[in-house]
Structures are given as structure tokens and as C-alpha cells.
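Enquirer: Sequence lines, in order, name chains A and B.
Numbers 1 to 291, taken from this note's numbering, label the letters of the first sequence in order.
Numbers 1 to 342, taken from this note's numbering, label the letters of the second sequence in order.
Some hints could be false.
Simulated restraints, written as ranges between beta carbons of each label pair [unchecked claim]:
(1) B:Leu236 to A:Glu84: 32 to 38 Å
(2) A:Lys112 to B:Gln140: 45 to 51 Å
(3) A:Val149 to B:Ala211: 36 to 42 Å
(4) A:Ser279 to B:Gly16: 51 to 57 Å
(5) A:Pro262 to B:Val210: 50 to 56 Å
(6) A:Pro262 to B:Gly147: 20 to 26 Å
(7) A:Ile152 to B:Leu298: 54 to 60 Å
(8) B:Phe237 to A:Ser139: 40 to 46 Å
(9) A:Arg88 to B:Asn247: 54 to 60 Å
(10) B:Leu298 to A:Pro115: 37 to 43 Å
(11) B:Leu298 to A:Thr129: 43 to 49 Å
(12) B:Gln140 to A:Ile134: 36 to 42 Å
(13) B:Leu303 to A:Thr129: 50 to 56 Å
(14) A:Val138 to B:Gly88: 34 to 40 Å
Covered by chain A, according to a simulated footprint, are these stretches of chain B (three or more residues, beta-carbon under 8 Å) [stated by the list, open to error]:
(15) 167 to 180
(16) 300 to 309
Since the hints were made in silico from the structure, they are not lab data.
Model, not experiment: these values are computed from the prediction.
For glycine and all other residues, C-beta sits at the position ideal for the given N, C-alpha and C.
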Amino acid sequence: MTWTNAVIQGVFLGGFYALLACGLSLMFGLMRIVNLAHGDIAVLGAYLITVVLDHWGVSPFIGFVAVLPIMLALGYLLQRVILERSLRSGVLVPLLTTFGLAIVIQNLLLEKFSPDVRSLGGDAGWITTASWQITNQVSIPAIGALALVVAIATLGGLQLYLSRTPSGRRMRATAQDPDTAELVGIDSRSVYAWGTAIAVGTAALAGMFLAMRSTFDPYAGSTQLIFAFEAVVIGGLGSLWGTLVGGIVLGVSQTIGAQIDPQYSVLAGDLVFLAVLASPRGGIFRARLAS
Amino acid sequence: MTGTLRVRRWSKLSAGFSGSFTAFVIALIFVPVLLSENATAKMTTLLILVLLAAMWNALAGYGGLVSIGQQGFIGLGAYGTVWLCNHGMNPYQAMVVATLFCGAISLPVSLLVLRFRGAQFAIGMWVLAEVAAILVSFDQSLGAGTGTSLIELNYYSPGARQEYTYWLTLGMAVFFLGVLFVLLRSRFGSSLQAIRDDEEAAASVGVRVVACKRILFVLAAAGCGGAGAMTLANTLFIEPTSIFGVNWTAYMVFMVLVGGLGTFEGPIIGAVVLFLIQNHYSSGGAWYLVGLGVASMLFALLLPRGLWGTVRDRFKIQLLPVGHQLSGVASTPIPAPAEEAS
Numbered sequence: 001m002t003w004t005n006a007v008i009q010g011v012f013l014g015g016f017y018a019l020l021a022c023g024l025s026l027m028f029g030l031m032r033i034v035n036l037a038h039g040d041i042a043v044l045g046a047y048l049i050t051v052v053l054d055h056w057g058v059s060p061f062i063g064f065v066a067v068l069p070i071m072l073a074l075g076y077l078l079q080r081v082i083l084e085r086s087l088r089s090g091v092l093v094p095l096l097t098t099f100g101l102a103i104v105i106q107n108l109l110l111e112k113f114s115p116d117v118r119s120l121g122g123d124a125g126w127i128t129t130a131s132w133q134i135t136n137q138v139s140i141p142a143i144g145a146l147a148l149v150v151a152i153a154t155l156g157g158l159q160l161y162l163s164r165t166p167s168g169r170r171m172r173a174t175a176q177d178p179d180t181a182e183l184v185g186i187d188s189r190s191v192y193a194w195g196t197a198i199a200v201g202t203a204a205l206a207g208m209f210l211a212m213r214s215t216f217d218p219y220a221g222s223t224q225l226i227f228a229f230e231a232v233v234i235g236g237l238g239s240l241w242g243t244l245v246g247g248i249v250l251g252v253s254q255t256i257g258a259q260i261d262p263q264y265s266v267l268a269g270d271l272v273f274l275a276v277l278a279s280p281r282g283g284i285f286r287a288r289l290a291s
Numbered sequence: 001m002t003g004t005l006r007v008r009r010w011s012k013l014s015a016g017f018s019g020s021f022t023a024f025v026i027a028l029i030f031v032p033v034l035l036s037e038n039a040t041a042k043m044t045t046l047l048i049l050v051l052l053a054a055m056w057n058a059l060a061g062y063g064g065l066v067s068i069g070q071q072g073f074i075g076l077g078a079y080g081t082v083w084l085c086n087h088g089m090n091p092y093q094a095m096v097v098a099t100l101f102c103g104a105i106s107l108p109v110s111l112l113v114l115r116f117r118g119a120q121f122a123i124g125m126w127v128l129a130e131v132a133a134i135l136v137s138f139d140q141s142l143g144a145g146t147g148t149s150l151i152e153l154n155y156y157s158p159g160a161r162q163e164y165t166y167w168l169t170l171g172m173a174v175f176f177l178g179v180l181f182v183l184l185r186s187r188f189g190s191s192l193q194a195i196r197d198d199e200e201a202a203a204s205v206g207v208r209v210v211a212c213k214r215i216l217f218v219l220a221a222a223g224c225g226g227a228g229a230m231t232l233a234n235t236l237f238i239e240p241t242s243i244f245g246v247n248w249t250a251y252m253v254f255m256v257l258v259g260g261l262g263t264f265e266g267p268i269i270g271a272v273v274l275f276l277i278q279n280h281y282s283s284g285g286a287w288y289l290v291g292l293g294v295a296s297m298l299f300a301l302l303l304p305r306g307l308w309g310t311v312r313d314r315f316k317i318q319l320l321p322v323g324h325q326l327s328g329v330a331s332t333p334i335p336a337p338a339e340e341a342s
């Protein structure tokens, strides 16, 4: 029964990872780049929410709503000022610049907010402590369930946006072939910038859940990036629903690992990731965004 | 095309510089005799930085492989040394064996990671480094998560220890940079240049892409392992979070981007720049790392060939020639200037 519980907790943890990873997945599907600062951007979002909370004492959800426009603008600028230029210079430069950005964000956060660990668990009220008891050993944590629901809603919303709206269609066209998209009048640079803005917005949302369900510090971003990337790769690079599956597989691997011995949690996830990487298909789903 | 075109390797400048550089390296042997212990320790740090920069540049600049996981080999080199000493080996011998061990273990690792390029390779390496750090922190005999020191080095007097550490570091730096230099000047170097410029095109004319990358990968793994072992000998104490820390990669990226990605001389210059900054702002902490990150980004975006690459292109010079230079007069215009190999 404890194993069943481990799997169920893993599914909810996986929902959080999927939320963390969906921005990474979107950007990869759109521009074929991996933003190595994605985890640090999520942590930046978490810190901005703490600033709002420290000033106005509202709930983290309202804090997120207040922070979201800032994060969207930052994402837009990130693409326009940094990534756009780096995209022109081949495959190595985006990796190097976003790695540099990650180092910059981490250390600016350290300088501004001190190395102390923070958490918004207390500010969020009942939601972080409540759980539904199903049987003696199986319970569903409210925050985990909320993260999973939000992850599914975000991924579903993105999928609907991409498949049903004119703007989403432009994004898919640009993902498939930016040059041809330009020929039919699509401004690919603007599409890229909006895509990055959305990705950064979802990272901030993930940052809010990170802050509510656990503790974080200025250097927490690296681990979050690794988890997000593992989820993306396990699910199949560029596939949005694959990212959800990948997140859940990663979450379940970690909770099962932790069930064997708490110190095996991260290791188990890493090993599953490496095993998927080593497998001939290299991911459960194939890339879908462009199709 | 008629006219006299000459392909040459050595110019008067590069021959002269390489000669004086060799003399300088030989002079470096006498550093511990001439300078104080403190200065010797600093020179050891500089040599470690040079070695790290050259190895990371070998991967990224010539193989097109951006690794965020070389700290895995740095950590294994350091902890491998501790483990061997715990099992009765002489510390300096252990450093060499641990270096070779890193090269050996990188072979099976390369079978997994060299299937990938770009971000998958980069983060795949990062995860492998994290796995290595976790596994090391499980081992109580290696001090687990709290760190360990190389007590066997206490059998030497501090002065002798600093001298031996310096000489072994110098030996390793000269060896690994020397091997890289010879490799780049061989047929292998031309293959690498082809891979760097266009992997598919290189493969289509018969360059054995994966084999070439594997040679670089093993060389870089051993070099980073050696740098890790020497860092342990130079600082005497290590802990998993710092020796396996991703900051190592931040340093390597900075040195290579500032000096010049894909040039032989660039990383050496980058290492000197980082060394000078470290000595100047040693207490800088967070701002120091912010500066390194900003500089790396600016160089990647605005000056992708780095300091040395820019100077070299402007003045058409090579000091340590690993490529060929085309000179002479052509009676018909040459369609495109031949890219300098480096």
C-alpha cells in the first residue's frame, strides 16, 4: 500500500514537473533551443512573488497574477534582446548565452535576497497542508492535485491556442519553417518573442508552485532546469502532452526511489532519464508542435 | 587558377613565437625555485585554469560539443585520487592514475552521450556529473557529503609538497596541451575543422565524425580529471558540492569565450584573464560571478571569436600554428578567402 501511495504522490509531483517543463518544451518546439536559464527564471518568479507578499500580504495566487505581466515582459525582452541575436549564430551560442544568463540570475538573486532558504508554504493558507484521505495510507495532497490540474489546464490551453487560434497557427507555421512563414507575411521575430513570453510566464507559474510546495534558494534553479529538461526528454522533445507524461514518469521514478531510500530520490529520476536517453527512440513521444 | 600560391604552416612570427613560448614553458619549471611558496600555489592555480580552458575548448571549439558536465570528471579525478590514497597508493602516483581513470571511464560514457548534440549532450553531461556527485556522496570512506582532505600529503614538508604539486600540474598542462597541439596539426585536425564547420558535410566526404569526437571527449575527460586531482593537491580539501559544482563550467565557458572559441591560443589568454580577475576580486562573491556571466554572454553575442580570434583575424597572424596559411599572388581572384585552420 505504501508503494501505491508512492506512485500516487509521484503522479502529483509529476504534474508540477510538467508545469515546470512546458515552457522549455514550447521554446524547444518553436525555436529548437533549450533555455538553460529556465529553472532560474522560475526561481526568479518565485522571488518576485515573495516581494509582492512581503509588501501587501496577499495570497501567493494574487502575487502571481501581479507578477505575471512583469514576467511576460521579461520573456519578450529576453527573446528580443538576447535570444534573437544568439539564434543567428548557430546552435552553440544559444546554449552559451542562456548558461551565462543562468549564472547571472542566480547570483543577482543571491545578492538581492541572501542565501537563506525561503518558502511560501505558510502564506498560502490551508491549501499547502490540506489533503484528502483515501485509505489508511493513501492520501491526496491538495497542493499536488492543484499543481496537476493547473499543469493539465496550461498544457491543454497551450495546445488549444496552437491548434485553434490564428496566432497559434502562425506559431506552428514558424516552428515548422520560419523562412517560408516569413514569405506568407508572418513576422517570425514577433512570434518567437511571444512564444518566449508565454514560456517565461509558465515558468513563473511553476515558480509559484515550487515556492508553495517546498523551499527554494537563489541556486535552486539549476536543479529545477535539470528536472524540467528530464521531463521534456522522457516525454519526447517538443511534444506538449509528451511533457506531461514525461513529468509524471519522472515524478513517479523519484517517489519510488525515495520509497526505497530517501537519498535515492533524485538519483532514480536521473537514471530513468539516462535510460530513456540511451534507448533507441530517445523519448516516449515524437515531436508534435510543428505537425 | 594560375599564379603562385603557397600553403604554409610556419611564418617567421609563429616560428619565433613558438620558440620563445617553448623557452618560456621551460623557464616555468624553475618557478618553485625562484618564487615564494604562495606564488607557486598561485601559478599552480593558473596552470589548472589553462588546462581546464584548453580541454573545454577542445570539446566546444573543435568538436562542437558544449558540455555542462565536465565538473563530473574534475570531481572524479579528485575523489579518485583520495580513493587510491586510501588504498595505499602514493599521492602523486594516485593523481596520475586517477587522471588515466577519468580517460578510461569516459570511453563507455562517450558511447551514450556522443549520440547527441546540442542541448541533449549538454544537459546529458550535466545529469551524469550530478549522478557522479550523488554516488560519491553516498561513500562514507570518501567523507560522504561533508568533504575530505588528502592527509597522505602531510608526509611531505609544505615546501616540497608545493613544489611537487606545481611540477606535476605543469607536466599535465604541457602534456595535454601538447597532445592537443599535435592532434590538431595532424590529419585529425583537418577532420575536426570540417566537423566544426559542418558536421553533415564532413561526414559526406568521409570524415569519421563520431571517432574524431570520441578522441576529443576522452582527451578532455582525462584533462579535466587531471585538473581535478591537481586542484585537490593544491587546496588539500574538497567536498562534493564544490568539486562537482557547475561553477567550474561557468569558469570554463568564460575563459574560452573571452579568449576565443576554437583557437589554440585563446583559452590560454582567457585563463590568464580569469586568473587576474580572481586575484583582484577574490572576495567578490556573487557580483564576481554576475560579472563572469555577463561577460560570457556579451562575448558570445558580440565578439564570438573572442579576444584572440578577433586579433588573429584582423592581423592574419598565428602564434602557435595549428593550421595552414595561404599566401602569395593569384592571377585570378580566389572565390572565397580560405578559412584559416586553427
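Enquirer: State for each hint whether it applies.
Expert: Status of each hint after checking the structure:
no. : hint                             : in the structure
1   : B:Leu236 to A:Glu84: 32 to 38 Å  : 47 Å, violated
2   : A:Lys112 to B:Gln140: 45 to 51 Å : 38 Å, violated
3   : A:Val149 to B:Ala211: 36 to 42 Å : 50 Å, violated
4   : A:Ser279 to B:Gly16: 51 to 57 Å  : 55 Å, holds
5   : A:Pro262 to B:Val210: 50 to 56 Å : 39 Å, violated
6   : A:Pro262 to B:Gly147: 20 to 26 Å : 21 Å, holds
7   : A:Ile152 to B:Leu298: 54 to 60 Å : 40 Å, violated
8   : B:Phe237 to A:Ser139: 40 to 46 Å : 45 Å, holds
9   : A:Arg88 to B:Asn247: 54 to 60 Å  : 29 Å, violated
10  : B:Leu298 to A:Pro115: 37 to 43 Å : 27 Å, violated
11  : B:Leu298 to A:Thr129: 43 to 49 Å : 46 Å, holds
12  : B:Gln140 to A:Ile134: 36 to 42 Å : 39 Å, holds
13  : B:Leu303 to A:Thr129: 50 to 56 Å : 53 Å, holds
14  : A:Val138 to B:Gly88: 34 to 40 Å  : 52 Å, violated
15  : 167 to 180                       : violated (count 0)
16  : 300 to 309                       : holds (count 3)
Consistency note: the structure conflicts with the earlier hints numbered 1, 2, 3, 5, 7, 9, 10, 14 and 15.
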